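Chains as they are written, first to last, in my numbering: chain A, 1 to 93; chain B, 1 to 562.
Fair warning: there could be bad hints in the mix.
Output of the computed footprint for chain A on chain B, the stretches with three or more beta carbons under 8 angstroms from beta carbons of chain A [stated by the list, open to error]:
hint, segment
1, 57-69
2, 177-188
3, 238-244
If you anchor each label on the Cβ, the simulated ranges turn out as follows [what the hints assert, rightly or not]:
hint, chain 1, residue 1, chain 2, residue 2, range
4, B, T432, A, Y61, 51 to 59 angstroms
5, A, P5, B, I277, 47 to 55 angstroms
6, B, I169, A, A12, 31 to 39 angstroms
7, B, M218, A, E71, 53 to 61 angstroms
8, B, R270, A, A12, 32 to 40 angstroms
9, A, Y61, B, L134, 44 to 52 angstroms
10, A, R11, B, G46, 20 to 28 angstroms
11, B, I277, A, R34, 16 to 24 angstroms
Please keep in mind that the hints were generated in silico from the structure rather than gathered at the bench. Predicted model, so just to flag it, every value in this text is computed and none were measured. Heads up, the beta-carbon is just placed ideally off N, CA and C, and yes, glycines get one too.
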Amino acid sequence: MSSSPVDATRRALARLARGYEAAYAVPFRRQQRRALRRQEDLFRLLALSEALGIPNPASFYTLELLPFLLEDFHAWHLRMGMEHSPVDGFRCC
Amino acid sequence: MTSWVLALFAFAAFFVGYRFYSKFLAEQVFRLDPEFKTPAHRFEDGIDFVPTNRFVLWGHHFTSVAGAAPIVGPAIAMIWGWGPALAWVLVGTVFIAGIHDFGTLWASARNRGVSMGAIARNVISPRAFNLFLLIIFFLMLMVNAVFAVIIGTLFTNFPASVIPYWMQIPIAIVIGWLIYRRGVGVLWPALIGLLLLLALVGVGAAVPVSLPETMGGMPSIAWWTAIMLAYGAIASRLPVWLLLQPRDFMNAHLLFIGLILIYLGVFVGRPEIVAPIYNTAVPPDTPPLLPLLFVTIACGAISGFHGLVSSGTTSKQISRETDARFIGYLGSTGEGLLAVAAILACAAGFATFDAWSAHYDSWAHASSSGIAAFVSGAGNFMAHLGLPVALGTTFVSMMVVCFAATSLDTSMRLQRFVLAELGRQYKLPALTNINFATALVFVLCVVLAFFADPERPGQGGMILWPLFGTTNQLTAALSLLILTLIFWYTRRPYLLTLIPFLFVATVTTWSMFINVGNYLAQGNLLLTGIGGLLLTLNVWLILEGVAAVRRPRQTSDVLESG
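Just chain A, with the same shape it has in the complex (with noise of 0.2 angstroms):
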């Protein structure tokens, strides 16, 4: 399939918009997602405390937001320190 040069030309700028917005963040993607892991982590703590036996009056609001939080759950007890789930009733190793 052959393309008209105005299609390469457009490709070939979008392929240098991507690269310049990569430069953009290639230097500091490092920095940056750890601390957004590191806020998620946190969430995740929050949203998990009752399960952990720490009181939380929101629990009834964060409970819908757990099937949300579960996706990551075995990496974040693992990352956290804990080798095995530490919520009771929920096995995800």
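Dock chain B against the given chain A, drawing on the hints supplied.
Then chain B, alone, in the frame of chain A:
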């Protein structure tokens, strides 16, 4: 002789080095394997390990390693004439820095992306890792003091750079906020920010800002130094997206614009070189060329800091092992080009020999005003392109200040991590506290900047330059030693790194002896102590390395296979 011939010669040398020597290294020495699964793919986590396009990664690597140091070193070393400086930059870049930067990147990628310190633990001994950390700590301490003083010198000599530099901070903060908080694409904020910054060069030239010559008994340079160290401590505590990231991005543009304008000025204006090729009438306080040239020009010829960047971040993001040649070798070549630009500006940027020698009438003056010689010379180059000299010098001084300030707050941030690591190693939990570590770094830098040269408080950074260069070269020597050991164990041509190691280790140790002797003669106990400690660490680490040769190791102990 005209400067453009030298520029062309340098380009040719770097081209031949990349085209032939790095190809030989890639194929015959490192034996790069395009099928090798790099750490970026093996441990991909979206945080540390991310496969990255080689052009983007080269840009990141180059702008991380290139800063004010490859400009300051050659600018001071011009006191011996342009010949020795140029020869060292060309030979150092092609035969030493190239294999060092390329090799550290390759060795780290073949060791799960760990740092050179961690490789030293494996290849030399566990003790070597701790020694390495201590040396890096002192290296960064000196970076902070030296760069704060360089900025103070530039603000005092070129008051036009004050407004553009300080106004870059709010511009960067707005860009960071737009991109990070508002989700705006990078292109337009970055371009508008850059145009604003260039417009501010004009404002700065029209409205120069100076502090009074002395305030409270301290000269203006000392005040600027203190202000910059306080700024560095505060900036290093801010989230990176707010200031460091957008400012680094703008600085990367300044670096490329500056390099292009300087070389265009050389080729369009073809200025004559007025500096001597070899200065036979060096001022009496000048230290001997041998070995001080080789530590005065550290970055730009060979720099241990590059190995830290190669093995710290670049090796975790390299997508294919074969990219190591392009990123590592060409990264060092880029810095060599910056050093050559500095030599040309200081050699041909003046109308007469007398104008040149005004900057180089004593070693102390060359140390403090070498950078001013570069700014004036590069500004004169830009005049050949139709840019008024005042604007050219303001642009160049702002560029150097921006580089130095970025190095300052990055180094303060990194030093915190090194302190935390030392705290964990030596069971000192206070060092892992981020606020305590920042305060400690700030206090140590102030002590160094204000007490290193008791006769000129606040300007001690420049007396540290030879010590900074020596420590930087020492770090490079250690990386070369590690590479030599890896080659030795894996039956590769180890002479290619052994000879540079022996050379760099010899000039480093020799220079350290001279430095410590000078500090002792001056009765400078602070620098005698630091220099003596570094000399001890230097000799200790080399002995550790020599002892490691006799330990039997298999290839799999020091390198991962595909």
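Going through the hints against the structure:
1. 57-69: n = 5 at 8 angstroms, threshold three: holds.
2. 177-188: Three-residue rule met by the segment 177-188 of chain B, so holds; n is 4.
3. 238-244: Three-residue rule met by the segment 238-244 of chain B, so holds; n is 4.
4. B:T432 with A:Y61: 51 to 59 angstroms: violated (35 angstroms)
5. A:P5 with B:I277: 47 to 55 angstroms: holds (52 angstroms)
6. B:I169 with A:A12: 31 to 39 angstroms: holds (35 angstroms)
7. B:M218 with A:E71: 53 to 61 angstroms: holds (58 angstroms)
8. B:R270 with A:A12: 32 to 40 angstroms: The hinted range 32 to 40 angstroms holds for B:R270 and A:A12, with Cβ atoms some 36 angstroms apart.
9. A:Y61 with B:L134: 44 to 52 angstroms: For A:Y61 and B:L134 the Cβ distance comes to about 51 angstroms; the hint holds.
10. A:R11 with B:G46: 20 to 28 angstroms: holds (26 angstroms)
11. B:I277 with A:R34: 16 to 24 angstroms: For B:I277 and A:R34 the Cβ distance comes to about 51 angstroms; the hint is violated.
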